[in-house]
Amino acid sequence: MLDMVNSVYTWIQSQYLIWTLIKILVITIPLITAVAFYTYFERKVIGAMQIRVGPNRVGPLGLIQPFADVFKLLLKEIILPANSNRFLFLVAPIISLAPAFAAWAVVPFNDFLVLADVDAGLLYVLALTSLGVYGIIIAGWASNSKYAFLGAMRAAAQTVSYEIAMGFALVGVLILAGTMNLREIVLAQQGGIFDWYWLPLAPLFVIYMISGLAETNRAPFDVAEGESEIVAGFHVEYSGSAFAVFFLAEYANMILISGLTAILFAGGWLSPFEGVPVLGETLLGEHSIIWFLAKTVVFMFMFLWYRATFPRYRYDQIMRLGWKVLIPITLVWVMLAALMVVLGIVVKGS
Amino acid sequence: MIVQELIFYAFSLVMVFAAIAVVTVRNPIYAVLFLVLAFFSAAGIWMLLEAEFLAIILVVVYVGAVMVLFLFVVMMLDINLVPLKEGFTRYLPVAVLVAVAMAVELLMVLWSRGRFGASMFPVPAPNSSDYSNTRELGELLYTNYLLPFEVAGVILLVAIIAAVALTLRTRPGIKTQDPAAQVRTRRDESVRLVKMKSEKPRGT
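So the sequence lines, in the order shown, correspond to chains B and L.
Residues in the first sequence are numbered from 1 upward in steps of one, following my numbering.
Residues in the second sequence are numbered from 1001 upward in steps of one, following my numbering.
Errors might be hidden in some of the hints.
Claimed, not checked - Restraint-style ranges between C-beta atoms, simulated for each label pair:
id, chain 1, residue 1, chain 2, residue 2, range
1, B, Ile46, L, Leu1141, 47 to 53 Å
2, L, Glu1189, B, Ser241, 50 to 56 Å
3, L, Arg1184, B, Lys23, 54 to 60 Å
4, B, Leu199, L, Val1164, 54 to 60 Å
These are computed hints drawn from the structure, not numbers from a lab.
Since the model is a prediction, treat every value here as computed from it, not as a measurement.
Note that the Cβ used here is the ideal one computed from N, Cα and C, for glycine as well.
Next comes chain B alone, as it looks inside the complex (with noise of 0.2 Å):
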């Protein structure tokens, strides 16, 4: 019995194609999950803040209320908006998908859990990140209306400026690291709490998250969907299960930046207990996967802070910010990164 399961086990690795694609779907289900608890997770903290008590009628404590919340938009109907372009309006939710899910990818969860250990993994989410806003643009020409319109406007304007700001606070990273392999990037932040880049590159990694809930649009940047201004933006004229593959992307998307700060700024799945007198001999100080999605978990819940914290701001003030707050201190400090790695104060890549 058991050697045949080990003979099928072999068979299977051997097969190049099947194991990978078993690799993508063991990334993928559990994504899916996060991305539907994540919902219950967002209504629960935003409840909490609010003085409420959030969904509690479906199942214990509400916890099947996402599933509900799926259902329900598997079984309504999609309209589709007269004089909109068809093909376009069916396929902008799916082009807003795919980079949300291939991203992960090049996610490495712990030193060897990694789908594909890339040279250029940095490069290849910062260009998958930049992919997202075509979704939302389509959709937004495709519908056909003026709401939908000026939210896919809004959308473009805002991702391409926040993208640059982005870009340089990877560089920073990449400056201190000095690869753009992800896992290296984490094995350079070797040695304990204080080895992690969120001390050296302080401001990029405040600006990374500004310019990540740009990129997601979530608030207070959520000026593309602005419910108060525009209805619902981009999305206003879809329904059913389009809406919610949106809805999956812009969750997706809001996992992924929170994994992608825990790698670049705060040493992934390294123990903060790391040479700590004694918690770090304690299982504490051991590095695993654990610490990674601990710390996605922290970042995601920085997004729900966020918007239960802060109003909206004003679509000139969002331009403004990007272009002339945070671009400039990026510059500033990749120099300065540059200027730690020569002065030997941050030594490169270990």
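Given chain B, put chain L in place with the hints provided.
Frame of chain B; chain L shown alone:
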């Protein structure tokens, strides 16, 4: 090897199809989207050439930023196709001449026995797995080609400044906002709290 060739031909076919579609489709939005598809296929082909840095930069810069702005502009324009097509038959002979000349030039490059023929270049051996295209490019750009690289950067900077200088017109009578002043406002500048005694309705 055969898989790589299949991938190459798949990408090339898509790219040629998309490039033709860019100039033939009627809807300008579709034209821009086909251009995006062509860029993607080009990135795929570069990836096959082990030039992953160029491939991803193509996606980041052209697909992620330039084409978004293109799409932005094309969507805002209300393009009327009829006047654009008016001169089609008149300019057709010139266009055909240019097209034929370019095709002949391309074929001459492909078939010439001199410096460029396809037979002149052997199939490049694949690099070892620790080869990093990004590192190689960076080392070349910042050592051997430092001066040309810096000059190119300065030229781009001049172009940016020139573009701003050419389009920036200060017209009189424009209302602008001063964000610093907006941020600096205090409550007492806009709201005045007045203490007063409660009044009785008149006539009772």
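Given the hint of 50 to 56 Å, is the C-beta distance from Glu1189(L) to Ser241(B) inside that range or not? Once the Cβ atoms are compared, 51 Å apart, the range 50 to 56 Å for Ser241(B) and Glu1189(L) holds.
Do Leu199(B) and Val1164(L) keep their Cβ atoms within the hinted range of 54 to 60 Å? Violated, at about 37 Å.
Measuring from beta carbon to beta carbon, are Arg1184(L) and Lys23(B) in 54 to 60 Å? Roughly 55 Å apart at Cβ, these two residues keep to the hinted range, so it holds.
Leu1141(L) and Ile46(B) - C-beta distance against the hinted 47 to 53 Å: Holds: the Cβ-Cβ distance is about 48 Å, inside 47 to 53 Å.
The structure shown violates just one earlier hint, number 4.
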